[in-house]
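Okay, here's what each chain looks like letter by letter:
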Amino acid sequence: MSAAKPPFLGFGLGLRPQHYSEILNGSPEVDWFEVLSENYMVEGGQPLRMLDRICERYPVVMHGVSLSIASTSPLDLDYLTRLKALAARVNPRWISDHLCWTGVHGVNLHDLLPIPYTREALDHVVDRVSQVQDFLGRRLTLENVSSYVTFGQSEMTEWEFVSEVANRADCWLLFDVNNVYVSAYNHGFSADDFLNGVPRDRVVQFHVAGHSHEESHIVDTHDHPVCDEVWDVYRAAVAHFGPVSTMIERDDNIPPLTELVDELDHARGIAREVLGAPHLAAAE
Amino acid sequence: MSSLKDLQESFQRGILAGDDTILAEIKDSATEERKVLFGVYRHAYVARLAEVLADDYEQLHSYLGDAGFAKLAKSYIAAHPSDRKSARDFGRHVPEFLKTDAGFAKHPELAEIASLEKALADAFDGPDAKPLKLARLAETAPELWTSLVFAPHPTTIRLTFTTNAADIWSALREETAPPPARLLPEPQALLVWRQDVTSRFRPLGPEEAMMWDEAAAGTRFGVLCEMVATCGGEEGADFRAATYLKDWVDMESLADCRLLS
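Just so you know, the sequences run in chain order V and B. This note's numbering puts the first sequence at residues 1 to 284. This note's numbering puts the second sequence at residues 285 to 545.
Among the hints, erroneous ones may be present.
In silico lysine to aspartate or glutamate, EDC-like type, Cα no more than 20 Å apart, as pairs [what the hints assert, rightly or not]:
#1 B:Lys289 - V:Glu120
#2 B:Lys319 - V:Asp134
#3 B:Lys289 - V:Glu56
#4 B:Lys289 - V:Asp31
#5 B:Lys414 - V:Asp52
#6 B:Lys311 - B:Glu335
#7 B:Lys530 - B:Glu519
#8 V:Lys5 - V:Asp31
#9 B:Lys530 - B:Asp480
#10 V:Lys5 - V:Asp134
To be clear, the hints were calculated from the coordinates, so they are not data collected in a lab.
Just chain V, same shape as in the assembly:
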């Protein structure tokens, strides 16, 4: 496996079918796209045709939601085989999924479920990441998730757990700025403590997204524009981690592409203010 950290790609968006024609018929100010792996694990038709055309024009990264790396059920070899086949087609700059589990006993709860931050869970996840990386022949990138509960048995903080996974399994991290904000609010920790606690050299991607505020807690819905508080954490993350490939992630209530490009421009502006323009020249 290559030891080289993936290059800074600039400012990207999650590819959504609603935007296919706008992307392919125009030239939106988007440096790269993140594609949802499961959406393209199909046999043919428009999804794969559009994917091929996007891959011809833009750098692409793959992002999955059902690897279930922390599940105590066996790894799903059929899924991993399909993931590897899709990667052979897409040639992604990296492949990411979430530091979570999605179900046991063959059930998929279609949610990014929380892990108790215990040594047992840590050993389990590290072992599974190593197995997946060996199978894929490449490093995996893992994203911190939003969570709504904490477990009494946890023995360390989330950022200690995330860092230990990255260092011991030798994988990359996708630092989801919104998820840090959401979990910090829900569990009463400091977002600064989280970002200061994560190893700088492991972070290859940022997600920035919106959420729904329920007063006593925040739900990570990805259906709103990015709010000022999350932009503040983004600003701090850029200052701490330096130039990191940044993406606006919208999964529901999808607005016109121009609206997301405007949000992406806002991220560019913050990064430029914090780092200065010369540091933001994307590798591509």
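Please arrange chain B on chain V, whose structure you already have, making use of the hints.
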């Protein structure tokens, strides 16, 4: 303290079966009780899958209305925990569920509307294959046509409806009032396929449906012509068979042809 395996099993039971055992492992936050916080996961599971079903069965949703569709989603989600990595596969049992559930089975058009929507979705991202072109057929000498056999496009799906579900679906798609559901005097044959990137369907008359089914099963063209003659009369049978074949080529529902040696 439970092991990771026990905790995950308990957490899953809490979501699927409403079992509160997991709450003993969860802490209250400074601002909210653990039951409410865990409830975010419980709610998300049902809400997410109900949304998946509404996206996959858009016209069935329109036909049943929000309340009727919510009732279907609730019973289906309880009966079929998701067992696939992709949410796209979650609703694949809906047509069968509607056919067998005592409450819904009284309205047979529901399962048929769902079957049509599922077939259109399956055709949408089904396997790619280049469609058979007329030029390819023209390469075959006329005297050899009787030995031609055909391969359907891999996205083709044949349905047989006992109700006017296809008309109901079409009206809903056009956002007009659907006709009242009724049983048809004779079953209706439908062919679903993908033309380029668009899923399509069209009814087949009894003779064309018979010829399609035989052609899809590998019967050679000479025999197909004989069967058409038996089905609809000898006069003009070869012409009718050739017309059906040309229609299939024009609508790109065939992928290949070859001479049966």
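Structure versus earlier hints - violations, ascending order: Numbers 2, 3, 4 and 6 - these are the hints that the structure violates, sorted from lowest upward.
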